[in-house]
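Number of protein chains: 2
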Amino acid sequence: MAKLSARVDKIHTSPIRRVAALLDEARERSDIISFGGGAPSLPPPKRLLDEFSRLLNENPLRSCGYTGTKGIPQLRGAVAEDVKKYGKVDFDPHTEIIVTTGATESIYSSLMSIIDPGDEVIVTDPTYLGYRETIELAQGRPRWIPVHVANGYQPGGEELKETVSKKTKAMILLSPDNPTGRIINESFIRTLVDLAVDHDFWIISDDIYKHIIYEGEHQWISRFPEAKERTITVCSFSKEAGIPGLRMGYTLASKQIIDSIEKMQQYSTLAPESIAQFALVKFLNENMKVQYIRDSVASYISKRDLMDKMIQRYLPLAKTVKPAGAFYYFVDMRDYLTKTNRTEEEFAEQLLSTERVAVIPGRFFGDNGIGHVRMTFVTETEERIKLGIEKIHQFLNA
Amino acid sequence: MAKLSARVDKIHTSPIRRVAALLDEARERSDIISFGGGAPSLPPPKRLLDEFSRLLNENPLRSCGYTGTKGIPQLRGAVAEDVKKYGKVDFDPHTEIIVTTGATESIYSSLMSIIDPGDEVIVTDPTYLGYRETIELAQGRPRWIPVHVANGYQPGGEELKETVSKKTKAMILLSPDNPTGRIINESFIRTLVDLAVDHDFWIISDDIYKHIIYEGEHQWISRFPEAKERTITVCSFSKEAGIPGLRMGYTLASKQIIDSIEKMQQYSTLAPESIAQFALVKFLNENMKVQYIRDSVASYISKRDLMDKMIQRYLPLAKTVKPAGAFYYFVDMRDYLTKTNRTEEEFAEQLLSTERVAVIPGRFFGDNGIGHVRMTFVTETEERIKLGIEKIHQFLNA
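So the sequences go chain by chain: A and B. With numbering that gives the first Met the number 0 applied, the first sequence covers 0 to 397. With numbering that gives the first Met the number 0 applied, the second sequence covers 0 to 397.
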C-alpha cells in the first residue's frame, strides 16, 4: 500500500490523542469524576443563543453562507474595539485582525507562516501539549525552558538568554498558562522583548485565558511598544463566550503576518464558521461579555479555592501553586509517587480504573512535568471536587 | 523584521485571493450580476434550522461544547448509512470516517497525510483552483492532464499513462467538476484505478458535487473493489444541506488514512464545529436531504437550461459543453477574444467595470483554461441570468 507522509507518521505517539481518548470516556460516563478536561462549564449567555436563533430565522442564506477568509468586517471591527477596551492597544480591523477556526488554527497558521525547516521555537516546559507537534508539523524544532513549582512556574530570564540562538525564530508564551495557571511576570516579558528585538525573532502570545484571571492581571505583550510589530496575539471566544465547540478564534498581528495567515487558511479551511461570527458581533457590541466573564470567574474562583483547601488537607505532601488564572492545578506528586514507586502516568491510569477519577499525567505537557498531574477545577460541582480529592487521598493511602 | 516562511511566501500570487476579492465586492453590491460565486442559492431546510434552535435551547453546554477530533459518533454513523444508501459502499463509522472543517480541510489534511517533498500529484487542467497551492503547501508538485471542450472536458487515459511517473503519489479527481461541470467517464476511472494499483498511488476523489447532477450519475470510485483501500473520498454538506458557511465536510478512507487525518487536525483545528454536527444527525436520519437535493437540482437545472439557451442565442462563437453537474458553465471565448485582442482576464475586468457582470477568468483554474471564463448559473434569478448574458453580448459587440 502507498505510504503516508513522514511529517504525519512522526507524530504518532502524541499525548494529545491519549488525553482525548480519556476525555471521550469521561464524557460518556457520568460515574467518572473528571479533573481532566479544559472547557468552560458555564453555558453561553442566553442572549447570545437567542441571537443565533434570530440569525437562522431571519436570513439563513446569509448566516449559513460563506464569509471571507479573514472573517466578516463587522466582527473584526467589534474585536478591534474590544481589544482597545481591555488591552489599551490598537489593531486595524481591516489589516491587522483575522478570525480563525479556534485558537488552534491561529497557532497552526502562525507557525506555518513563520517557520522554515530547522528554525527553533522556544516554549516553556511544561506548557500546552499541542505546541510541540504543531512546531514539528511546521518543520521547526522546539527548545524548552524549564519552569518549576518552587518559582511559581515562572520561566527565568537567564534560561531564556541561554536558549536563544541564531536559529531562534519565535517564542510561544501562554499566559495565564495551561497546565500551571501562572500569569507571566512583567520582568520576564521585558527580557523577552529585548531579546526578540536584538535577535530578530517573533513572539507568539497565546492569550486564550486572558479573561480567566483570579489574581493579578493579564499582560498584553503587544502593549510594549518595541514588541507590537513582532508579536502575534492568539485569542479565542471558547472561554470568553462559552462556545468552544464553535471553533471561534482570532489573531492580532502586523499586516504582513495577517496576510500570510489568510493565505494559509484559504487552503486549510477556506473561511471561519459563519453563524457564530454574526452572533459574536452582538455579543461584543452589546457587551454580553462583561457579565459572562464575571459569572464564570466567580464560579471558577470558588471551585479553585475549594480544590486548594482539599489539596492542603488531603494531599499534604503535594507541592503546587495556587493558580492565578486558567482552569488548572498543576501538582508535583513526586513525594507520593516515590513512596509507591509509580510514575504519574501509572498513578493516573490506576486512579481512573479503581476510583473513577480522571487526572492528566504531567509528562504530557513536557518532560519537566514528569511526576506531576494536572487537575481541572472548573468542570465538576463543588461536591464532586471534594469527593474526587478524597478519593485520591484514599487511593494513595490504600 | 523577522522573515516569513518560504512556504507561505511562495503562494502570494494565488488567483483564489483575486477571486475572493471579486466575490466580496459582488456580495456588497447588488448592482453586480454575479456569475462568479460557487455557493448554493437555496437556504437550508427549515426543519434543519429548527433543529439548530432546539439544540441551542435544550442543551447549549453540549451543543456548543468540544467534540472529538473525528466528530461525534452519531454523525459518523449517520454518514455511514447515507453513503451505503447512495454509494452502495460500506465504511466503518468508527475507523473509516472523519468529520472535517469543510471539504477544504479534508483535501488539505489528506495531502498533508500522504505527500512528502517532491512527490507528484496529478490533476486535470483546468480544475478547482485550490488544489495547486494545497499540493505545494504539502511540498508536492502538481502534474497536469489537459482537458478540452472538444472532448467534453474528459481527461484521456493515454495522457494519464504518460503523466504517471515513479514520483506519482496521488491523483485528485473532482467529479462533477468545477469549473467544467463534467462527470467523469467510467472508462477513465478504470484506467486510473489500474494505474493506481500498478504504480501504488492514492486516489483523492473530490465528491462535493455528488448530488448536484442533471444528467448521468455520480461515479463512486470507492465502489471499484481494487480502488477502495487506496481512495480518499472527500465530501461536504455545503451543497447537500445548503450550509457552506458552517464548514462541514467529511472524509471516507481506510483506517490508516483516517488516523493520519485525525492526527493532522488535532493540531490544525482541534475538532469540527459542534452544533452543525448534532443538527446534521437529524438531517440525515430523518431524510431531509432527499427533498433539499430535489428542490436544489430542480431550481438549478432550470437556470442551467436558461443559461444554455442564452449562450446559444447571444454568444454563438462561444464553445462550451452543457454541464452534467455542479454549478458552472466553462466557456471557451477565444473566438471573441482574438477578435478584440484581449485576454480573458482583461475581458472579465472590463466586463465587471463597464457592465457590472462578474465572471471568473479561466486561467485561474489552470493554464489550459486560458481564453475561457467560468459562469455560475445557480446564484442569480432567471431574469438576471438573461440580463447578464445580454450585457455580455452588448459588451462584446460594443
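Heads up, some of the hints might be wrong.
Same chains, same names: a pair is fine if it fits in one copy or spans any two.
Calculated pairs, DSBU-like style, for lysine-lysine (alpha carbon to alpha carbon, straight line, at most 35 Å) [as the list claims (entries may be wrong)]:
{"hint": "1", "residue 1": "Lys2", "residue 2": "Lys87"}
{"hint": "2", "residue 1": "Lys385", "residue 2": "Lys254"}
{"hint": "3", "residue 1": "Lys338", "residue 2": "Lys45"}
{"hint": "4", "residue 1": "Lys308", "residue 2": "Lys281"}
{"hint": "5", "residue 1": "Lys83", "residue 2": "Lys2"}
{"hint": "6", "residue 1": "Lys9", "residue 2": "Lys83"}
{"hint": "7", "residue 1": "Lys83", "residue 2": "Lys390"}
{"hint": "8", "residue 1": "Lys45", "residue 2": "Lys2"}
{"hint": "9", "residue 1": "Lys84", "residue 2": "Lys318"}
{"hint": "10", "residue 1": "Lys87", "residue 2": "Lys165"}
{"hint": "11", "residue 1": "Lys9", "residue 2": "Lys165"}
{"hint": "12", "residue 1": "Lys2", "residue 2": "Lys84"}
{"hint": "13", "residue 1": "Lys84", "residue 2": "Lys338"}
{"hint": "14", "residue 1": "Lys9", "residue 2": "Lys302"}
{"hint": "15", "residue 1": "Lys2", "residue 2": "Lys160"}
{"hint": "16", "residue 1": "Lys166", "residue 2": "Lys2"}
It is worth saying that the hints were derived from the structure and are not from the lab.
Against which earlier hints does the structure fall short, listed by number upward? 2, 3, 4, 7, 8, 9, 13 and 14
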